[in-house]
Amino acid sequence: MINDFHYLKPASVKEALAMYAEHDDCKIICGGQSLLIVLRQGMLAPEYLIDIKRLDELKYIKFDDKDGLRLGATTTHREIEKSDVIAKKYPALVAMEQKLASIQTRNWGTIGGNLAHADPAGDPGPVLIALKAEIKFGNAKGETTVPLDEFFVDYFETKMEHGDLVLEVHVPAPDSKSGCAYQKFNLLDSEMGIVAAAASVALNADGTCKDARVVLGNAGPTPLRVTKAEDLLKGKKLNDKLFEEAGKIASEEAQPVADIHASEEHRRHVLGVLTKRMLKKAFEQAQKAA
Amino acid sequence: MSHKKYTVINTPVHNIDGVAKVTGRATYAFDVTLPGMLYGKILRSPHPHARVVSIDTSKAEQFPGVRGVVTGKDTLGIKQGIWRRYEELCDEQILPLEKVRYIGEPVAAVAAITEEIAEKALDLIEVEYEVLPAVYEPLEAIKKEAPTIHEGVERNINVTRHIEWGDVDDAFEDADYIREDWFKCSGQHHMCMETRGAVSSFTPEGKLTCWTGTQSAYYHQGLLAGVLGLREGDVRIIAPYTGGGFGGKFELDAAQFCSAVLSMKLHKPVKIIFTREEDFIASKRRTPMFYYVRTGVKKDGTFCARESRMFSNGGAYTGMGATALYLTGFFHSFPYKWRGYRYDGYRVYTNTMPSTSMRGFGAPQAMFCSEQQIDWICADLGLDPFEVRRKNGHTEGYEVPGQAFIASCGLEQCINEIENWVKSKGKLPANRGIGISSCGFMSGGIFNWFDTPYSFSSAVVTINVDGTVEVHVGCQDIGQGSNTTMAIIAAETLGVKMEDIKIHSGDTDHCPADLGAWGSRQTLMTGNAVKMACEDAKKQLLEFAYAEMGINIVYDLDIKDRWVHIVARPERGMKYEDLVKKALRGKDGQRIMGRGYYTPHRKGMISPAYSYMMQAVDAEIDPETGRIKIHEVMTAHDCGQPINPLGLMGQLEGAASMALGYAYLEDMPFEDGKMMNPNLVDYKVIRAPEMPKTPIIEIDTYEPEGPYGAKEAGEGLTNPTAAALGNAVFNALGIQMKELPISPERIRKALAEKKAQEAQK
Amino acid sequence: MEKQVLRLKINGDEYEIFIHPKTLLAEAIRDYVGLTGTKRGCDTVSCGACTVTVNGMSVKSCSVLAVQCEGMDITTVEGLEKNGKLSPIQRAFLDHGSYQCGFCTPGMLMSSTAFLDELGGKKPSEEEIRESIEGNICRCTGYNSIVRAIDAVAQGNYKEE
Amino acid sequence: MSFKCPACKKEWPNSKQVARHMFGTGDKAHRAWIESQGYSYIELLLAQTTEPGNKSYEMLAELIEKAQDTL
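Residue numbers (this note's numbering), protein chains in the order written: chain A, 596 to 885; chain B, 29 to 789; chain C, 7 to 167; chain D, 285 to 355.
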């Protein structure tokens, strides 16, 4: 059962930040798709709850070819899923959203809330990191922007201090010859990944690997970048053998925790398989890309 | 104009409660609110096995908003169980006085003005436990050194069941090939969408009314009366609508008992609704089973003998588990002819939640072992699985020695249909396989361990002046559509239209006793009672028709579509409505009332009739990750004469989804007696995207014992699927799955073992 | 921890209720407004029995604070029937036997209704239909009869009456 | 000839059936008789389930045959 709290409903981001600064024992609710479960389990019992769901200032999807994509924090998953420009420029993002929980959750849940919740099994993290996204958060005093892979620090913990609010996610414009892919391993389509892997590949004109990213989901306290695997690929002509190799590294580097759904060994193994497959998929996209 | 055979049966009709359900008007116990109603919550044991030293409820009682707290001391301390005939099997005190035997067992209950206050008050109840050593697995619990869970029960063996026919050892002598295997079948939760719950109201007249979801209002009336020391007639069970049952809602549960005890103490209505977590940890589950199976066959695939030993994890109490123990043993022989068959089943107490009946009633476990082993034997001997099943399968007129008589059997047609379907699929791509499994099921059990003097089913039919019909039955519509089925049978028998029929069920004050909705009873048993009652009423009408129409006595009269007519000359007749009015006048205004009942006699040990089916599962496995994708589930099914085609289809598709869940998704892992996934995030139930197409072919047979030739449909189809998937995996990857559920990790493990073995060769 | 007056627009009617802000939309609808057609089957936003539409979007009312929905258009299963006429999807459910125990049915109907409205006449694939109800658990039907009903409406076989 | 159950005197055509009947019933009276012969009912049951064959039943059948004339 949810403990009582004072409900605050700011009319602007400015007001929201002021309120947040004013109250110590205070939480932000936006879509609340994760928060309300936590509150119900009594794991959190804030004295104040600030509702930013209706802050339309933060509800936007902007794209231009130089600057790339900018997502306001209160943009819902469903809005991202249904955006034509994102479907055109970042298909992996849409594909990920289509498999994120259920339509009901995507209708109400927001990208900012999802990232702030920092669940290592969350879907957007790995894909956005593979796409080299950065995240902007701010408080009453000012704003900070960090690369998303530095944003997550531990289970359900981010760089944000008390008073900080996620404002925007920025995804740079995609490379001309690049691709990105994400897949989670689960038993039911609509559930969180037991483990997951995202990969992005950018190619030089000569077809060699310009850049690559491998990011694992639910394979540690935060979305996990496997730089060793990335370095292995950079500069090389990519092939199945390298992907296989990268997969091996990923399963070694991963820090998955066993539970009733899968042993540590199985998680490591599947992470290797997914990494291999996603790299290949991203590579093939990059080759096709104009 | 012609005299049609059936005008209602096997025509597509809407369920009679359909509109109420699609408009949200259907009210469940979950929705019931009464004036002055209090809300109850239950305090549950955190220990798998402990002596309750003391319970201090004073703080909780003083908490603002709390109206009362009850513990075992407020009860009569009666040990209850649904096997009333056998005292030693009535072993459960809800709110126990001395010992708790599983995590989640109720120890106290609070009633308050809000649910929230009641929940807060639970924390103020101080219970002192003396923790005792606990045991969770049957093979551990039978060891000498294992703790005793029920005083005086040696080695924790709760019940044993033994079945044998023919000279088993002699039959094994004749076998050219003998195969032995061990299997481990997991538990499964009923996971009804409506969690268990009840609203109880005890009034100064000394009468108790309980609104609750149930599969058998009469059972709950009897059980509640028993534990509360009331007369059965002073307890009224009202089951408005029930949000699913699947075998989990006909034993007395803590919501019903605790709300009743609180209401009797406080003289106010009390509502208790289980949370999903409570429903998981403190209700009941499908019985986990360990099977040893030894089968002997001839070179040509003729079955000689089978002997099986089974240990089931009974959990803390008996409940319906004793029945599952017998049925799994019987259906383990099904649907084949064995010269010699022997089964020894042992139900073992453990410190886990009680296990009980669930859709299939022990048969899905039995089939998982039997049907897979048959395919492995075929592979070992290079035989054709279809041929072997045809060769040994039941046939019409066969008698299972001392157990059952098979009056109708469409097994061979089922096998032929599935064989054609599988052949039509041709060669499959790599890592994809089709597995088959045949089976059958009962149409209601004939055992009376509830020890009631009432008939198994009864019905009362009354015809109103305008021709509308009141049908009072004790059967329980839990979503399977029994009310609609009874309406169809009534309309057909009386020769009226569906809209003329009103079904009254689920209220023990107005409906005759009936054992309820379990073991696939109702179409056959209550159906027969309804048919008999309608024929009784119809006869009373037709007497007047003969007189009124002044026709030759040798003519045969009938009613169809509200037209009373001569069978041979349908155009000669009169309106049913007019006949009813005339008959009423003729009888000095006496209501035209028909009575019917059904109790099976001389029908063997199990059931009056058996359905047959064969199923094929087309599955694809990702050999790298072990993930399973089900492409299609094809079924050929013999349920005798279909009564309600739409309902039949729904039941069979529903069975397939639940059975697929059992086969590869649903599991109930325990650690130190604690269920590890008591929520719908971690307990995986199949959802729409995973659900494959499930085409079904109906095989027409006629079951002489069933109403209009009908028999079981809907429960039995939970039986073949796990085995069929196992066989699909075997055919796709050549690995043998001996443990449920068939998880990605188990598949990978089996693949690794296979590799290792091949490396040795 | 003050209670507050909340105005909710449900099925076109304005309701004024006095609640604590922690009240979930599902609780407001069932316990304060008394529309018990909306069910609840879990505490983990898993089962979808509590699905209603808010401004035409399907949401799980157990995962939304009632106060967040002030001024929005909420529709529950009771709102599908218009002056005695069942909606196309309700009639399709009847014809296809897309319900059994009926406990998940209100949520299923609301998810399907939102999905069909979003389609705006576009013909969906079977996969899209299945995904449209993946947030709703049904333990009885095995979903296929529900999929057939949604498809029948999407194909235009059922008109508004 | 027919065989009597040493505990309840029920009759069966052969001694193995009496043995099955005794295991199946397994109430105090039937257990007691088996114990009186110096065996543990439970031990015999478990033996019957843990290895193939039919050892316990055959053994009990023998005891029953021996006991017939004393009944």
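Please note that the accuracy of each hint is not assured.
The calculated lysine-lysine pairs, modelled on DSS-like cross-linking and capped at a C-alpha distance of 30 angstroms, are [as the list claims (entries may be wrong)]:
| no. | chain 1 | residue 1 | chain 2 | residue 2 |
| --- | --- | --- | --- | --- |
| 1 | A | 604 | C | 15 |
| 2 | B | 712 | B | 631 |
| 3 | A | 677 | C | 165 |
| 4 | C | 165 | A | 654 |
| 5 | B | 87 | C | 165 |
| 6 | B | 87 | A | 876 |
| 7 | A | 836 | B | 712 |
| 8 | B | 657 | C | 28 |
| 9 | D | 339 | B | 171 |
| 10 | D | 339 | B | 327 |
Don't read these hints as lab results, they were simulated from the structure.
Here is what the structure says about each hint:
1. A:604 to C:15: 19 angstroms, holds
2. B:712 to B:631: 40 angstroms, violated
3. A:677 to C:165: Holds, because 27 angstroms separates the two Cα atoms, which is no more than 30 angstroms.
4. C:165 to A:654: 36 angstroms, violated
5. B:87 to C:165: Outside the cut-off at roughly 61 angstroms; violated.
6. B:87 to A:876: The hint is violated at about 63 angstroms.
7. A:836 to B:712: Roughly 36 angstroms between the alpha carbons, so the hint for residue 836 of chain A and residue 712 of chain B is violated.
8. B:657 to C:28: 41 angstroms, violated
9. D:339 to B:171: At roughly 20 angstroms apart (the allowed maximum being 30 angstroms), residue 171 of chain B and residue 339 of chain D satisfy the hint.
10. D:339 to B:327: 27 angstroms, holds
When the structure is compared with the earlier hints, violations turn up for hints 2, 4, 5, 6, 7, 8 and for no others.
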